[in-house]
Every structure is written in structure tokens, then in C-alpha cells.
Amino acid sequence: MDADSDVALDILITNVVCVFRTRCHLNLRKIALEGANVIYKRDVGKVLMKLRKPRITATIWSSGKVICTGATSEEEAKFGARRLARSLQKLGFQVILMKKDLHDSSNANFKVVNVLAVCNMPFEIRLPEFTKNNRPHASYEPELHPAVCYRIKSLRATLQIFSTGSITVTGPNVKAVASAVEQIYPFVFESRK
Amino acid sequence: MPGGRVCGACGCAEIEVDAARGDAVCTGCGSVLEDNIIVSEVQFVENSGGGSSAVGQFVSLDGAGKTPTLGGGFHANLGKESRAKTLQNGKRQIHHLGNQLQLNQHCLDTAFNFFKMAVSKHLTRGRKRTHVIAACLYLVCRTEGTPHMLLDLSDLLQVNVYVLGKTFLVLARELCINAPAIDPCLYIPRFAHMLEFGDKNHEVSMTALRLLQRMKRDWMHTGRRPSGLCGAALLVAARMHDFRRTVKEVIRVVKVCESTLRKRLTEFQDTPTSQLTIDEFMKIDLEEECDPPSFTAGQKKLKIQQLEKALSKKLEDFEGEISSYQDEIESELENSRPKAKGVFANFTKDDSIEDNASSIFGEEEAEDEELEAAANHLNKDFYDELNEKDRGKRNEDGECRNGSETLVRPPALESLLGPLPTAASLGITESIKECISTKDQEPGENTGDGELDLSGIDDNEIDRYILNEAEAQIKAELWMKENADYLKEQKEKEARIAKEKELGIYKEHKPKKSAKKREPIQASTAGEAIEKMLEQKKISSKINYNVLRDLNSKGSNTPKKEDDSTDDSTNTKKLSRRKSIASRNIANPVNSVGKRLRPLISTQFAKKAATEEVTFPNTQAEASDVEKPAAVLVESGPVAYNPDEEVEEEEVEEDEDHCMSALQLMGGN
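In the order they appear, the protein sequences are chains A and B.
Going by UniProt numbering, the first residue of the first sequence is number 1, and it counts up by one from there.
Going by UniProt numbering, the first residue of the second sequence is number 1, and it counts up by one from there.
The hints are simulated quantities; they were obtained by calculation from the structure and are not laboratory data.
Mixed in with the good hints there might be a few duds.
[To be verified] Non-contacting residues of chain A with respect to chain B, defined by C-beta distances greater than 10 Å in every case (computed):
| # | residue |
| --- | --- |
| 1 | N27 |
| 2 | E124 |
| 3 | T131 |
[Stated by the list, open to error] Derived lysine to any residue pairs resembling SDA-like cross-links, with alpha carbons at most 25 Å apart:
| # | chain 1 | residue 1 | chain 2 | residue 2 |
| --- | --- | --- | --- | --- |
| 4 | B | K301 | B | E316 |
| 5 | A | K111 | A | L91 |
| 6 | B | K303 | A | L12 |
| 7 | A | K50 | B | E471 |
Just so you know, even glycine gets a beta-carbon here, dropped at the ideal spot from N, CA and C.
Using the sequences provided together with the hints, build the complete structure.
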């Protein structure tokens with residue numbers, strides 16, 4: 001966290017995925033009929049509801065599980081999820097909203113599952129060299145994908161490193177993503193052009 | 001059993017083992033300790049020519065294969081058989097595929113080793129065996145450095161390359177094998193051969209290699225498919241040596257797309273090396289290195305953006321002057337033109353003002369523009385009008401950039417949300433207009449409010465999300481139309497099921513359920529628990545469960561047996577051993593029982609009596625064999641067992657004669 005000031009890289013969060021549970025059974029047909037911005041996929045058994053305000057797409061199952069994608073920050077994701085819950089309430093379902101702290105992970109109702117961020121290094125990277133130096137963690141298959149896939153098990157984060165220096169990071173929360181970028185920076189710096 | 005050391009009867013340690021007869025006899029008391037040991041003598045047989053050859057069969061290293069196992073059908077052996085079968089099948093498939101790829105024997109053996117490792121790590125579970133085998137082969141190709149591409153394998157198997165690639169990655173990771181990176185230079189001889197350069201093959205290859213090395217230095221090769229680079233290098237090399245190879249021919253050999261090849265060629269064109277003549281290229285190597293092409297493309301974009309910014313800044317400088325003129329002109333225009341409907345007049349005013357001060361009202365403008373875009377999509381006539389007005393104003397301002405941007409933004413939204421059904425068809429034009437107007441009035445409230453639970457969420461807005469009845473109906477119709485195919489399928493399926501039910505053939509194809517969840521057994525004593533477990537599990541069909549139940553419920557016999565069995569722990573052990581020997585000696589039907597009973601015997605004392613009962617009725621079937629163990633028991637068995645035996649035999653007879661008698665006994669008691 002402290003090393004961030006030295007590096008001064010801007011990490012842009014492009015997508016935050018979160019899971020949300022309404023503790024009640026939802027009638028998808030009703031939602032599909034009465035919602036103005038929903039897509040009903042009967043063959044897979046889910047409803048897609050798109051919100052405009054925080055630009056969010058929510059996938060709703062009849063069991064009450066809801067997955068929200070498309071938010072650009074954790075707060076936004078939470079905000080969108082609450083909005084969604086409110087609209088479901090208006091439709092007549094007994095949705096339980098809990099007023100808990102965002103960072104309280106014991107809140108079983110709402111959880112941020114995945115965060116996708118993009119970061120740009122000011123230099124290019126030699127991928128074959130990088131792969132050789134980071135053997136177990138990095139895997140590079142030019143026939144399949146032009147980037148090196150680097151996994152950090154401790155953070156459960158995956159980084160895709162391109163030769164142009166742009167790095168795509170996915171992780172369970174924003175902190176993990178930030179620390180992943182910091183961890184990878186020295187390695188990438190070694191194999192720079 | 002210490003047959004080789006100490007005699008059980010007399011205790012002397014002199015035991016003679018005769019390998020030929022297969023006996024172990026005590027020289028002190030003369031008792032036979034072992035009988036029918038497996039003889040490991042080598043026997044010779046005379047040939048027709050007079051020579052002698054050893055008797056025996058060659059057994060393959062990989063497993064039982066075709067030779068029947070001794071005693072056959074054991075569960076332990078069955079598991080092994082299956083594994084051997086898997087490996088055999090795998091080997092066969094590897095050889096089949098490998099021969100198509102012209103891999104040598106060493107490679108195939110290595111691949112088979114990989115496959116064995118994969119099987120032992122359970123990597124074949126849940127994956128198609130062909131995929132795993134292809135991955136093993138490709139791994140070998142990589143480690144050996146043969147010029148085989150994953151594409152070749154996928155061609156042979158008609159499988160998607162990425163699927164194979166995924167399996168390959170998993171395999172490499174699990175087996176901790178680091179496949180060295182592909183060098184495009186490896187492919188050149190192969191492709192050159194396919195392109196048929198005749199005598200000059202070698203020269204062309206060398207030229208192509210040099211080109212490739214140059215490309216590597218110029219950063220064209222990172223993140224690119226090696227085959228594409230090879231193709232480009234070979235094409236240029238061929239041309240350099242006066243061979244006419246068209247792009248199509250090269251593509252067929254190299255298996256990339258035409259556009260990819262062209263792109264590589266243009267990238268190479270951009271490098272300074274392309275400016276050299278052929279002779280110069282062969283002699284000189286330029287020192288400088290280039291940036292990778294994607295990097296340069298990115299840089300170009302950045303430059304364009306910077307230019308735009310600079311331009312806008314300059315324009316802003318002039319805006320101060322122009323704005324005054326702008327206001328005048330605007331007012332005149334409004335007076336002269338027909339007024340737009342209420343909603344969009346707001347828009348036009350807002351837009352023109354906010355253009356210049358975009359940073360402050362950034363969010364609102366974004367919102368309005370989004371809404372504008374959405375509304376535009378739904379009401380295209382309004383949009384056109386608006387556009388004209390905007391264009392008129394913008395032209396006067398001199399900011400053509402903005403005009404193009406607004407044109408760009410609405411379509412972008414369309415692409416985001418996909419093809420929306422138009423408002424007219426949905427009949428919700430009115431409600432959308434309302435929605436937009438209310439939003440317009442209260443944009444400030446909703447932004448930034450996220451801390452409190454419900455206060456930030458505008459109920460009215462959410463109400464808009466809910467359609468009323470008429471709208472709901474229309475929407476339902478629309479959905480029905482769209483998903484007509486799926487609904488048809490469902491109906492057909494139901495009809496089919498109904499028909500089958502009538503005919504009585506109906507099979508419910510339910511998804512496979514995992515192992516049945518059994519309720520935990522609740523019993524007061526160990527005996528009860530075992531009984532219940534046996535009932536539930538139904539281990540063997542040869543055990544008459546009724547009798548088992550009966551045994552424990554009957555008061556007289558069981559306590560005696562249980563006492564006897566618990567008194568002499570050594571005796572029971574001997575008995576169990578003897579039983580295991582007996583069961584080993586006897587043919588198939590008994591063995592399944594014997595094997596299953598072995599764990600029972602070893603762990604549960606209480607059931608021992610019952611199981612002993614059980615083996616005896618079964619062993620009675622094989623009369624002669626049983627005599628031996630029975631005889632063994634009688635001879636050297638503990639004295640305590642004799643009365644038990646008699647009793648058991650009685651019971652056994654009863655059981656044999658009338659199976660029902662046991663039931664009757666149960667019923668009677």
C-alpha cells in the first residue's frame with residue numbers, strides 16, 4: 001500500500017461483480033411482466049434487469065440470488081444492489097435489506113465477488129523472458145492468447161500481462177487488485193524492454 | 001501364519017518345505033503346515049527338434065491384459081483391471097494419433113508416461129480422453145521441440161483449438177512441466193518443405209530465418225502466433241529468391257488468415273529493415289530496435305487525443321469572443337424557428353450552455369445526453385429535428401468536433417443496450433417521456449447519495465420501472481413472439497411425454513443423482529447399529545438377512561456364541577484366518593461373501609457369530625471343500641468350538657432344507 005506513492009500508476013477499475021441475496025423466493029414471470037427494463041430468459045431460468053443510474057446489469061434467479069455486474073466501484077455496486085432490492089420490493093416481494101457496513105464481509109446478503117481493473121505500465125515487456133523468470137506462476141501460450149497469464153495464489157488474483165505494458169487484473173476485491181499490481185511491478189520491471 | 005518357522009502343534013522349528021510338491025511339513029510331529037503353496041519351479045518341455053524350452057508365458061509390463069487373473073472377480077483385482085484397461089486404451093490411442101503426426105517411438109513412449117501420470121492424478125476425470133491424449137502428445141512435441149502445432153492436433157481431432165489448449169494448460173500445470181516457449185524458427189523447415197522450393201529450399205529457409213530474427217528484434221513476435229510470423233517471413237523470402245508463392249498458397253500451408261498475413265507484412269514494412277535491398281539485408285544488421293506494432297498504434301491514438309485536446313483548448317480561447325455573438329444568434333434563431341415540444345426544448349438549451357462548461361456539470365450532462373440518446377432512439381423524428389438545430393448552432397460556433405461527437409454518442413448507447421424494441425411498438429412512449437421529464441428535474445438528488453439505505457433511492461423513479469397492466473400485456477405478447485421457438489419445444493416435449501405415458505414406455509430421464517443420502521443410523525447397541533447398517537447397505541445377496549435378524553433376536557444360541565467368541569480372542573482370530581483360507585480355496589460364489597465378510601469379521605465381534613453361521617450354509621454347497629476346512633477346524637481347532645459346531649451344523653441343516661423355516665422360526669418366536 002505504501003509503495004503506491006512511488007509508483008504512481010493509475011489503476012482503473014472497469015468492472016465490479018457482486019452477489020446479492022433476497023431472502024425470499026422470486027416469481028420471475030411477475031418481474032418479467034411488470035418490469036420495464038428486463039429481459040426474461042426462460043430457457044435458463046433467469047431475468048436480466050438493467051439499471052441506468054449506476055450502470056448495472058443484474059441477473060435474477062427465482063431462488064432469490066441476484067448477481068450485479070457492470071459497476072465501476074464497490075460503493076456503486078452496493079448502491080445499485082440496494083436500488084435493485086428496492087425495485088423488487090415495489091414489485092411486491094418481501095426483500096430484506098440489511099443496513100450493514102460495506103466492508104463487513106460477514107454480511108451474507110451482499111458480497112463483492114470479482115473486481116476487474118486495468119493498469120498501464122510506461123514501458124513494454126518482454127514476455128518470453130518474463131515467463132522464464134516466473135516459471136510456476138506465469139503461463140504463456142502465444143498460439144492461444146497474446147498475453148501472459150500470471151496467478152497469485154495468496155491473493156487469488158489473476159493478471160494478464162501484454163507486451164505493450166498494459167495489465168488486466170482480476171481479483172476478489174479492490175485491495176487485492178491493488179496489492180497484486182504492486183507485487184507484479186518489480187517482476188515486470190525486470191523484464192522491461 | 002508362521003508356517004516357515006515354528007510348528008503349531010509341537011513347537012519345533014524344523015520345517016521342511018518341498019517346492020516341487022508344494023508342502024511345508026514339520027519334521028518333529030509330521031503335521032502338514034502348508035499345502036498347495038504356489039510352486040515357483042521352472043519346468044521344461046521337449047520340443048519337436050529334441051531341444052527343451054521353458055514352460056511359461058510372456059506377460060506384458062503394463063498389466064494383466066488378456067491373461068485371466070487367478071481366482072478372478074475379486075474387487076481388489078477388478079479395480080486394478082480397470083486401471084490397466086484405461087492405460088491400455090490410452091496407449092493405443094496415443095500410438096494411433098502419434099503415427100498420424102509421424103512422431104518417433106521415443107516421443108510416443110514419453111507421451112504415454114505423461115498419460116500415466118495424468119491418470120494417477122485423476123486428470124482424465126471429467127475430460128474427454130481424446131483431449132487428454134492430445135494434450136499429452138502436444139506436451140511431448142513441445143518438450144522435444146518438434147515442429148507440431150496445436151492446430152495440427154485440433155485438425156486431426158476436429159476439436160476447437162482453445163479447448164485443447166485449455167486441457168493442455170491444465171495438464172502442464174498439474175504435472176509441473178514447463179514447456180519451453182515456441183520458437184517460430186522451428187516451423188520454418190516444415191513450412192518450407194510444404195511450399196516446395198525444390199533445390200533452393202535450404203537457401204530460402206535461411207533467408208526466412210534471418211527475417212524472423214529481424215522480426216524478433218523489432219518486437220513483432222511477442223504475443224503473436226508463431227505460424228503467422230513464419231508465413232510472412234517465408235513469403236518475403238520466397239519473393240526474394242524469385243519464387244512465386246501467392247498469399248493463398250502460403251495461407252493454406254501456414255493456417256492463418258489472409259488479413260493476419262497482410263498485417264504482418266505491413267508491420268514489417270514499417271520497420272527500417274524493409275528499406276534495405278536484398279543484398280544489404282543479407283549482409284547488414286541494423287542496430288536499432290523497433291517498438292512493437294501494437295505499442296506504436298497505441299501511441300498514435302494517444303497523439304491524436306492530445307491533438308484534439310490542444311485544439312479544444314485553442315478553441316476555448318476564442319470562445320470568449322464568440323459566445324457573445326452566439327447568444328445573439330441563438331435568440332434570433334429561436335424566434336424564427338418553430339418551437340420543439342416542451343421536453344426537448346429544455347435539452348437544446350441545456351446542451352448549448354453546458355457544452356462550454358462541461359467539466360462542472362459533467363455528470364448531469366452525461367445523464368441528459370444518455371437520456372437524450374435513449375429518447376432519440378425511441379423517437380426518431382424528434383431526434384432529427386434536434387440534430388438539425390444542433391448542427392446549425394455548432395456550425396456557427398465552429399466546433400464541428402462536438403457535432404460529430406453527439407452523432408457518435410447515441411449509436412454507442414444503442415450498441416450497448418442492444419436492439420431495443422421501439423417505444424411505439426411497446427406502447428410506452430408516454431411513460432418514457434414522463435420518466436425523462438421527471439429525471440430532468442431532479443438529477444441532483446440521486447447522485448452522491450449512497451450512504452443511507454432508502455433515502456437516496458427515489459421511489460418515484462423506481463415506480464417507473466414497473467409497467468401497468470396494459471403495458472404488461474403488450475410486453476408479454478412481445479416476449480411470447482420472440483421466444484416462440486423455445487415454447488414450441490417445450491410443448492412438443494410435453495406432448496411426447498404424455499404419449500409415452502399412455503403407451504407405458506415413459507422413462508423419466510432424470511439427471512443423475514449423486515449417492516443417495518441415507519439417514520444416520522440411530523441405535524442403542526453396537527449390535528443394533530450393525531444390523532441396521534447391514535439392512536441398509538444390503539451388501540450381499542447370498543446372506544439371508546432374515547436369518548441374521550433372527551439370530552440376534554433369538555435368545556438361546558447367540559449369547560453362547562458371543563460368549564465363546566469373546567472369551568477366546570485368539571480362537572476367533574484363528575477362526576477368522578481359517579475362514580479366510582477356506583474362502584480363498586473355494587470357488588467364485590463364496591468368495592464374494594468371504595471378501596465382504598472379512599472386514600466384518602475383523603472389526604465386529606458381535607456379528608462374528610452370525611457371519612460364521614452364514615459362511616457355513618454357503619460352504620455346505622461345496623461339500624468336499626468344506627470338509628477340509630471343517631476337518632481342519634475340528635482337528636486343530638480349540639476345544640470350545642466343538643459344541644458350537646454341532647449346534648451350528650444343526651442350524652445349518654435346518655437352514656439349508658427350508659429357508660422358510662427360519663422365517664417361520666422368526667414368526668414363531
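Check: Which earlier hints turn out false for this structure, listed by number in ascending order?
Finding: Hints 2 and 3 are the ones this structure does not satisfy, whereas the remaining hints hold.
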